[in-house]
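Chemist: Take a look at the letters that make up each chain.
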Amino acid sequence: MLVAGVDVGAATAKAVILGDSGILGYSIRPTGHNAKLAANKVTQEALEKAGLSISIDDLDYVVSTGYARGSIDLANKTFTEIICHAKGAHFVIPSTRFIIDMGGQDSKAIEVDPEGNVTNFIMNDKCAAGTGRFIEVMAQVLEVESVAEMGPLALQSKKPCCISSTCTVFAETEVVVLRAEGKDRKDLIAGVHRAVASRVAAMASSLTIRPDAVFTGGVAKNIGVRRFLEEKIGMELRVPEEPQIIGALGAALFAREGFKGDN
Amino acid sequence: MADYYDELFKLCGFEDEEIEEERTRIEKAFERLGIGPEDMETADSWVRQNHDVTLKGVRKLLGAWLKELIDLVLARDDGKKIVYFGFPAILGPGLMLSASSDDVFVCAPDMVLDHTMGQIFNKLTPILEAGEANGLPSGHALCSLWQAKIGGVALGMIPVPDLALASSYYCDMGSKADDLVTAQFGVPMAYIDGVMDSSWGEYPDYLPERVHYLGAQIDQALKKAEKVLDIEIVPDAWEKSQKDSRAFVNNLLRLLDLMRADPVPVSVAELELLEALSGSSTGRGIREGVKAMEILIPELEERVKAGTGAVEKGAPRVITWVGHCADPRVTRLVEDVGLAVPLTLTLAWVGGPPFKPKRTYATPGEKIADYELATGIFHGTDGVIKRFEMGAKVMKLDGFIMNYLYNCRPDALLSHNTKKYLEEKTGLPVLALEIDAFDSRAYSAASLRTKVETFAHMLKAKKKSAKE
Numbered sequence: 001m002l003v004a005g006v007d008v009g010a011a012t013a014k015a016v017i018l019g020d021s022g023i024l025g026y027s028i029r030p031t032g033h034n035a036k037l038a039a040n041k042v043t044q045e046a047l048e049k050a051g052l053s054i055s056i057d058d059l060d061y062v063v064s065t066g067y068a069r070g071s072i073d074l075a076n077k078t079f080t081e082i083i084c085h086a087k088g089a090h091f092v093i094p095s096t097r098f099i100i101d102m103g104g105q106d107s108k109a110i111e112v113d114p115e116g117n118v119t120n121f122i123m124n125d126k127c128a129a130g131t132g133r134f135i136e137v138m139a140q141v142l143e144v145e146s147v148a149e150m151g152p153l154a155l156q157s158k159k160p161c162c163i164s165s166t167c168t169v170f171a172e173t174e175v176v177v178l179r180a181e182g183k184d185r186k187d188l189i190a191g192v193h194r195a196v197a198s199r200v201a202a203m204a205s206s207l208t209i210r211p212d213a214v215f216t217g218g219v220a221k222n223i224g225v226r227r228f229l230e231e232k233i234g235m236e237l238r239v240p241e242e243p244q245i246i247g248a249l250g251a252a253l254f255a256r257e258g259f260k261g262d263n
Numbered sequence: 264m265a266d267y268y269d270e271l272f273k274l275c276g277f278e279d280e281e282i283e284e285e286r287t288r289i290e291k292a293f294e295r296l297g298i299g300p301e302d303m304e305t306a307d308s309w310v311r312q313n314h315d316v317t318l319k320g321v322r323k324l325l326g327a328w329l330k331e332l333i334d335l336v337l338a339r340d341d342g343k344k345i346v347y348f349g350f351p352a353i354l355g356p357g358l359m360l361s362a363s364s365d366d367v368f369v370c371a372p373d374m375v376l377d378h379t380m381g382q383i384f385n386k387l388t389p390i391l392e393a394g395e396a397n398g399l400p401s402g403h404a405l406c407s408l409w410q411a412k413i414g415g416v417a418l419g420m421i422p423v424p425d426l427a428l429a430s431s432y433y434c435d436m437g438s439k440a441d442d443l444v445t446a447q448f449g450v451p452m453a454y455i456d457g458v459m460d461s462s463w464g465e466y467p468d469y470l471p472e473r474v475h476y477l478g479a480q481i482d483q484a485l486k487k488a489e490k491v492l493d494i495e496i497v498p499d500a501w502e503k504s505q506k507d508s509r510a511f512v513n514n515l516l517r518l519l520d521l522m523r524a525d526p527v528p529v530s531v532a533e534l535e536l537l538e539a540l541s542g543s544s545t546g547r548g549i550r551e552g553v554k555a556m557e558i559l560i561p562e563l564e565e566r567v568k569a570g571t572g573a574v575e576k577g578a579p580r581v582i583t584w585v586g587h588c589a590d591p592r593v594t595r596l597v598e599d600v601g602l603a604v605p606l607t608l609t610l611a612w613v614g615g616p617p618f619k620p621k622r623t624y625a626t627p628g629e630k631i632a633d634y635e636l637a638t639g640i641f642h643g644t645d646g647v648i649k650r651f652e653m654g655a656k657v658m659k660l661d662g663f664i665m666n667y668l669y670n671c672r673p674d675a676l677l678s679h680n681t682k683k684y685l686e687e688k689t690g691l692p693v694l695a696l697e698i699d700a701f702d703s704r705a706y707s708a709a710s711l712r713t714k715v716e717t718f719a720h721m722l723k724a725k726k727k728s729a730k731e
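So the protein sequences, as listed, match chains A and B. Every letter in the first sequence is one number past the one before it in the working numbering, and letter 69, counting from 1, is 69. Counting from 1 along the second sequence, just add 263 to a position and that's the residue number in the working numbering.
Bound-form chain B, shown alone (with noise of 0.2 Å):
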C-alpha cells in the first residue's frame, strides 16, 4: 500500500517492488531519522531545484545514496559490525574489512548524511546542532563533517560503530573529532598515522620508507580491527575489494571520458554524487552507484550526441577543487553564471591523468599505501598542484576554482598557495572562493554570485579576445 514517502523515493528511482521490498526498513530508518510527511514536499522541491531529475541515471544515483542511508541506519539491526571512518579517507582499509566478511558495515556515516539529510531533505542543521552540542561547538572553525558524524551518533539516528577507523593522512581534525567517539561512546579506535607531508617538488615519486611506514600504520589497524570485531581478513582482501570496486572506477571513467565534450553533457554536482560514493561507502551504494552509472551513461552518450548539456557550448571550462556534500547549490551556482565544470580535483583521481602506483610492495598495508601516494592528492601541495595542472590539460580548461573551507587546515592553506603557482605554472586563473562544502549556513549567496560571476566574465573575456 501507498505511503507519503513513496512519490519521494519513486523521484530518486526507486521502483516499486523496491519500496515496497523495503518499506518496513524506510519507514523504521525515517522514524529514527525524524523524517515525517511534514519532510516530503521540501525534500521534492530541494531535489528538484538541485538534481537533474529528467535523467533516470541520477534519480537512480539519489536511490544509492537513500539505500545507503537506511543500511546505515539499521546497520545494528541487521547485525552488522559496523566501523567508521573519516572523509576524505584512505579508503582501502574500509574497503578490504567489507571484503573480508558480510557481516562488516563500513562506511563514512558523515557524509552519508551529508548526501541524504542535506542533499535529499534539506534537514542536516539539526544534526550538526547536536554535534556542536556534543563536543565540537560553534564559532571555533570546527568542521561540519565531523559535526555531522557526532550529531547523527549523539541523536540515536545512526549507530554507535564497534569501531572507528582514524587517520590524520589528510585531515587532523578527523583524527581528533573520532576521539570524541570513544570519550562520549567508548568506540574503540584503530589509529592510522599519517604523517605522510611530502617534499616540495618530489610528487609523481614518492619516496619507499613512506610507503613503509604509512603500510606498516595500515597493517596495525587491521590487526586492531580483527581482534575487535572478531573477524579475520581474507588474504586475498586487497584484489577482492579491488575487484569489486573495478567496475565503479570503470563506468566512472566512462563518465568523464563523456565530461570532455563541449558542452559538458551533465552538471558536475551529478558527477559529486558518485565522487562521493565511492569515498564514503564500501557496501551496497557502490553496487547501486554501478548500476546507476549503466543507465547514465547512455544518457549522456545521448546528449553529447545531440549537442546538448549542462551549460552552453563554447563555456569556459573550469575544474573545482571540492563538491559540495550537503547543499549542492554552489556548484549549481557556477554552472548558473555559465561555466562548465567537468571535473572535481578529487575526480580528477580517478577521471584525470593516469597515476601509477609502483605496484612492488607486499603487505596489504603497503598495497593500500602504494595507491594512495600513487595518487598525489592527499599528501603534498606540490602533489594537488601537479594533478591540477595534468587535470587542466586533460580537460581543456580555461580556469580553476580553489573552493576551499575556512575551517578546514590543508584546504585553505592550500587553495591560496595553489592559487599563486598553478597561475604562475599554467598562465591560467585561479578564483579562491570560500564556501563550506558541509555546511550552508556558514555562507552568503549573494557575495559567492559576486565572486564567482566577476569569474565568469574574466574568463569569457580572455577567451573572446583569444579568438580575436
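If we strip away everything but chain A, and leave its shape as in the complex, we get (with noise of 0.2 Å):
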C-alpha cells in the first residue's frame, strides 16, 4: 500500500507519503500561482525523499486537504485542513484534546476528542494578524533576513513593545513609527510575536483548553510565538517533530483508512 496526503494551503503545499511501515516521506514547497501543479510537484517531490522512483499516477489513494483540496485532480476524496489536523495530531500525540493550528494565512483553535475526532472548532480567517504572513511582514520591515530567525530574536527581549493594532498592514506603520522612536528591535520583534500570540489565544479561549494541547502548522516552528501563545492560554503546548506537515498526514491516515475500504 502506498498512499499520500496533500494539504495545499494559501502559502504551502504539503505532501505525506504513508506506507505499510508508516511515513516514508514527506516534502513541503511554496504554493505558487498555480494549486494543481504545487500539489503534484510537492507529492513527487515527497515520493523522491522516500526514496521511491515512481510517479503520483502509481500512488493507491491520495486525499486532498487545504483551500485547494476542491482542485486537486490527484486526489481520490477530501476533506477540510481542520480535520486533517486533528487526525494528524492525535496520530503522533494520542493524547491530544487541543490544537492551535497557524498557518500562513489562517489560524484555527480545535477540541478534540480521544478518538481525534473533531468536536469544536473556531477558525480565524477574515484578518492576516493572527497569521504566519503578519510574522513575514514584519521581518520584512525590521530587517530580519530569515523568519526563522524572528522566534529566537523574540525570545531575547526582555521589554517587549507593545504593538496595539490588530491589522497587519496598519501594524507594519506602528512598527516604522516606534523604530523610528528608537525603540530595541528585539523588544519590537517581542511584540510583534506577542501579538500574534494575543489575537489567537483570544481566539481559542472562546473554545475550551485542555491538555494535550497541540500546536501545529507552520508557525509553530517559531519558538517566540510558542512561548508567548504558551503564557497567554496558561498552558503548555506540545509541538510535533515537523509541525507543518501534521495536515498533510491526516490527509494520508485518512488516505489509508480510504485505501483499506475501498479494497
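Hints listed in this document are in silico derivations from the structure and should not be mistaken for laboratory results. We put the CB at the ideal spot given by N, CA and C, even for glycine. Errors might be hidden in some of the hints.
[Unchecked claim] No more than 27 Å apart at the CA atoms, straight line, and that leaves these computed lysine-lysine pairs for DSS-like:
1) A:Lys77 x B:Lys490
2) A:Lys260 x B:Lys725
3) A:Lys159 x A:Lys221
4) A:Lys126 x B:Lys683
5) A:Lys77 x B:Lys576
6) B:Lys723 x A:Lys260
[Unchecked claim] Counterexamples of contact, computed for chain A against chain B with all Cβ distances above 12 Å:
7) Leu24
8) Gly32
9) Leu37
10) Glu45
11) Asp57
12) Gly66
13) Ala68
14) Asp73
15) Ser146
16) Lys159
17) Glu230
Assembling the complex is the task here: the two chains are given apart, and the hints tell you how they should meet.
Modeler: And the structure:
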C-alpha cells in the first residue's frame, strides 16, 4: 500500500507519503500561483524523498486538504484541513485534546475527543494579524534576514513593545513609527510575536482549552510565538517534530483508511 | 410583442398574459432600476444557479417578488401614499395601515431590493455603494440592509416615502438609518420606542407592563401615520390584517410541515423567499405568495411521497439563524456539503411550536405588542435560545448554525451566547458562522466552505457513531 496526503494551503503545499510501515517521506514547497501544479510537484518530491522512483499516478489512494483541496486532480477524496489536523495530531500525539494550528494565512483552534474526532472548532480567516503572514511582513519591516530568526530574537527581549494594532498593514506603520522613536529591535520583534499570540489566544479561549494542547502549522516552528501563546493560554503547548505537515499527515491517514475501505 | 425580458419573467413564473398586462409597468420600472437587455443573461444563470426552477411554485415565488418590486418602484406613479418600515420589524402597524386604505403602499424596501436586485439580477452592489456614499460609509460596520434602502432612494430607483416607521425593537441601527431618510429627504418619521429587552428566563412569559408600553408606542405611531397620510385606521384593521395574512401563514405552516420529512423536499433557500416576503410585503407580494404556495405545496407533497428532496435521506439536520437575503449561495453551500436545513429560526416563528399570545389586550398597539412578545424571538437572547430548543425537537435536529453578521449588534452578540447555552442545554453542536446576509462582498466562500464542511463532517460522524 502506498498512499499520500496532500495539503495545499494558501502559502505552502505539503505532501506526506504513507506506506505499510508508516511515514515514508514528506515534502513542503511554496504553493505559488498554480495549486494543481504545486500539489503534483510536492507529491512527486515527497515520493523522491521517500526513495521511491514511481510517479504520482502509481499511488494507491490520495486525499487532499487545504484551501485548494477541491481542485486537486490526483485526489480520490477531500477533507478539510481542520479535520486533517485533528487526525494528524492525534496520530503523532495520541493524548491530543486541543490544537492550535497557525498557517500562513489563517489560524484555527480545534477541540478533539480521545479518538481524534473534531468536537468543536473556531477559525480566523478575515485578518492576517493572527497568522504566519503577519510575522513574514514584520520580518521584512524589521530587516530580519530569515523568518526563522524571528522567534529566537523575540525571546531575547526583556521588555517587549506593545503593538496595539490588530491589522497587519497598520501594525507595519506602527512598527515603523516605534523604530523611528528608537525602540530596540528585539523588543519590537517580541512585541510582534506577543500581538500574534494574543490574537490567537483570544480566539482559542472561546473554546475549552485542555491538555494535551498541540501546536501545529508552520508557525509552530516559531519559538517566540509558542512561548507567548503558552503564556497567554496558561498551558504548555506540545509541538510535533514537523508541525507543518500535520494536515498532510492527517490526509494521508484518511487516504490509508480510504484505500483499506476500497479494497 | 415579446421583449428581451420575457424569458426571464417566464422563468420567474409569469404567464404570457401577465407579462402583457405588466409590460408598460415592467419597462418603466426597469428604466428606473437601470435594468436592460445586457442584464438578462446574468439574471437567468443566477436564478437557475440558486433556485430550484424545476418547481413551478418556486418560480411563482420569484415572480411574487418581482411584482412587489414593480409595485414599490412605481408606487408614486400609482398615486400611493408610501410607508417604509425596517426588517426585522414589528409588522403589525404596517399591516394595519395597509388594511386601512387601498391608497397606501407599505413595505420593507431594502428587503425587496435584496430579493430582486440581489437574488434575481445579481445587481445589488451599486445600490449598496450608493448607500455607502449617502451616509452609511463602508468600513464602519454598518448594515448593508440599511445601505440598500438609502442607496435605492438616493439613486432614485425607489420613491422617497411619505412616512418611515422606525423602531429599535430589534435593531437600533435601523432607526438611526431611518434618521437619514428624514435628514436627507425630509421624510416624516413615526418612531416606535423599542426598549424591549426582557429578563433572562422570562420567556415564554412576558410582563404586561411591557405590552402596555410597546402597545402605547405603536398606538402613537399609528396616530402619527393617520395624520401624515391623512387616512383613518379602520376599527377592525387588526382583525382585517390578520385575516389577510392568515392564508399566507396557513400555507407556510403546511410547507413547514412538509419540511419535517426526510429528506427535506426543498432547499430552505426557497422557503426563505416566503419568510422574507411575509416580513417585507403587505400587498401584492403577500397575495401572490399565497398563490405560489398553493402550487408549491402539492409539488412538495409529491416529492415527499417519492422520497426525493434537496439533500440525501438521513442527512444531518440543522436549523440556521437567518436566511440569506441578497445571495442564497451560503444557504446552498450548507446543503451542498450534505446538511439538511428544514428551518430557519425566523421560520420557526411560524413553523416551530405554537406560541401563545395572551389575547387580553384592548388597543390595536397592545394587540400587536402581545403578539410580538409571545414570539420570543426579537426581545431577548433567552427567548431565542428557547425557540431554538423547541425547533430542535419539532424538526429532530442534529445541530445548529448560528449564522450572524459581524456588523449586526444583536446578531453578533447573540450568536456566541446562543452557541454556549444551546450546546449546554441540548448537547447538540452549534456552529457560529460569520456571514453577511445582505452583502455578498463581505465574505469568502472558500473559508465558509471549510467551516461548514468541517461542521457537516462532525455531525455525520456523530450520527454514525450514535447508530453504532
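Chemist: All the hints need checking, so say for each whether the structure fits it.
Modeler: Structure-based check of each hint:
1. A:Lys77 x B:Lys490: violated (66 Å)
2. A:Lys260 x B:Lys725: holds (22 Å)
3. A:Lys159 x A:Lys221: The given pair, whose Cα atoms are some 23 Å apart, holds under the 27 Å limit.
4. A:Lys126 x B:Lys683: holds (22 Å)
5. A:Lys77 x B:Lys576: It holds: about 21 Å lies between the C-alpha atoms, which stays within 27 Å.
6. B:Lys723 x A:Lys260: The given pair, whose Cα atoms are some 20 Å apart, holds under the 27 Å limit.
7. Leu24: Label holds. Min Cβ-Cβ 27 Å, cutoff 12 Å.
8. Gly32: Its Cβ never comes within 12 Å of chain B, the nearest being 17 Å, so this holds.
9. Leu37: holds (19 Å)
10. Glu45: holds (25 Å)
11. Asp57: holds (27 Å)
12. Gly66: Since the minimum Cβ distance to chain B is about 9 Å, Gly66 (chain A) lies within 12 Å and the statement is violated.
13. Ala68: violated (9 Å)
14. Asp73: holds (18 Å)
15. Ser146: holds (29 Å)
16. Lys159: At roughly 34 Å from the nearest Cβ of chain B, Lys159 (chain A) sits farther out than 12 Å, so the non-interface label holds.
17. Glu230: Holds, because the least Cβ-Cβ distance between Glu230 (chain A) and chain B comes to about 25 Å, which exceeds 12 Å.
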